[in-house]
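Undergrad: Just need the whole structure built from these sequences, with the hints factored in.
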Amino acid sequence: MKTIQINISNIAATFNSLKNECQGQLQETSTERILKFQNELGSGNISGFNFNDNISYITYDVQFNENTTLIFDQDTNKQSLNYIYCSQGELLHSFGATKKRARFSEMQTAIFSNSLGKANHIHIQKDGYLKFTMISFLASKPITEETDEFTSQLMQLFHSKEIDGKFSYTSSYNLKIKEQLDQIDGVSSDNIASALLKKGMLQVSLSMIVKQYFEDMERIVENSCGLTRKELEVIKDVGEFIKNYPDRQFDINYLKKKTGLTPAKLQTGFKMLFGRTVLSFIKNVRVELAEKLIKNSDLSISEIVYTIGFSSRSYFSKIFKEKYNCSPKEYQDGKVTLAMTA
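Residue 22 in the UniProt record's numbering is what sits at position 22 of the sequence shown, and the numbering runs on without skipping anything.
Just to be clear, a hint being listed does not mean it is correct.
What the hints assert, rightly or not - Below are the PhoX-like pairs computed for lysine-lysine, each with C-alpha atoms no more than 20 Å apart in a straight line:
no. : residue 1 : residue 2
1   : K258      : K230
2   : K243      : K257
3   : K265      : K176
4   : K292      : K258
5   : K258      : K99
What the hints assert, rightly or not - Cβ pair distances, simulated, as ranges:
no. : residue 1 : residue 2 : range
6   : K176      : S30       : 37 to 45 Å
7   : T307      : K118      : 23 to 31 Å
8   : R101      : S43       : 24 to 32 Å
Calculated directly from the structure, the hints in this document are not laboratory data. No residue lacks a Cβ here, since even glycine has one placed at the ideal position from N, Cα and C.
TA: Here's what the structure looks like:
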């Protein structure tokens with residue numbers, strides 16, 4: 001088994017230790033760090049940036065040739081809260097070199113504190129492709145007048161009774177967080193605008209993770225019935241199917257037959273993964289596609305209504321205005337005006 005020691009006291013220390021352990025090529029720009037390696041250890045692309053002095057964001061896109069343990073260590077006098085979202089594959093976590101391990105996989109977030117000085121160990125099986133994101137929040141620095149409000153709130157959360165001391169939590173499944181993190185990774189330009197965009201998206205991602213934690217705690221209290229990972233994978237796939245074919249006339253009965261799931265499970269799964277009911281999700285997919293077609297095509301409003309699967313132009317105009325605060329025609333005219341003045 002291979003062990004990789006990673007110092008997470010700050011992002012510079014993290015990438016320096018990764019470079020030494022993985023024998024990779026490290027690139028540094030004004031906005032991020034990127035480490036690439038391909039050798040007997042395996043292959044990978046690791047990228048990250050600082051939100052501020054307290055918060056760092058790193059995405060691991062890796063595959064190892066033998067069973068590997070990542071040991072996330074830091075100065076013993078520093079406390080941190082580590083948010084890990086698994087986009088692909090499966091991970092095991094332990095506090096130190098113990099046999100007690102927590103398992104989490106695709107679409108799940110794990111939150112681990114090592115405020116008692118125990119390093120976080122992430123155990124990875126060989127030959128498996130993995131992608132996960134780690135957001136580390138260093139909570140040992142005092143709150144000052146210069147500390148931004150968002151970081152101050154995270155510090156207060158860390159020191160609250162729910163998270164004080166050694167803390168471990170594995171979330172329910174959530175696809176929306178993956179989509180948000182994918183947007184961060186999709187920002188490729190190296191300039192101040194891109195850096196600000198990434199930081200804004202990171203703040204949204206952290207807010208979603210913290211929100212899910214409290215919602216999961218409420219579900220435990222309410223003893224809500226959950227869905228299996230396989231059922232959630234089916235619902236995730238059918239969500240992609242709807243996005244690819246928005247013009248089809250979907251309804252609960254059609255989706256029930258396609259997935260083999262009950263209407264209740266479909267509704268629960270859609271709310272969990274997408275934050276919407278089934279019909280609300282379908283409607284939203286169509287309206288968002290319509291907005292893109294109005295912006296990027298020469299189709300008329302009537303042609304767009306037909307393309308996205310609506311039969312009533314007046315109904316489409318109503319729900320479009322609810323989402324974008326203007327009618328489709330006003331939006332289209334605004335696009336034309338902007339194009340003429342550009």
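Undergrad: Honestly, which of those hints from before does the structure not fit?
TA: Those not satisfied are hints 4, 5, 6, 7.
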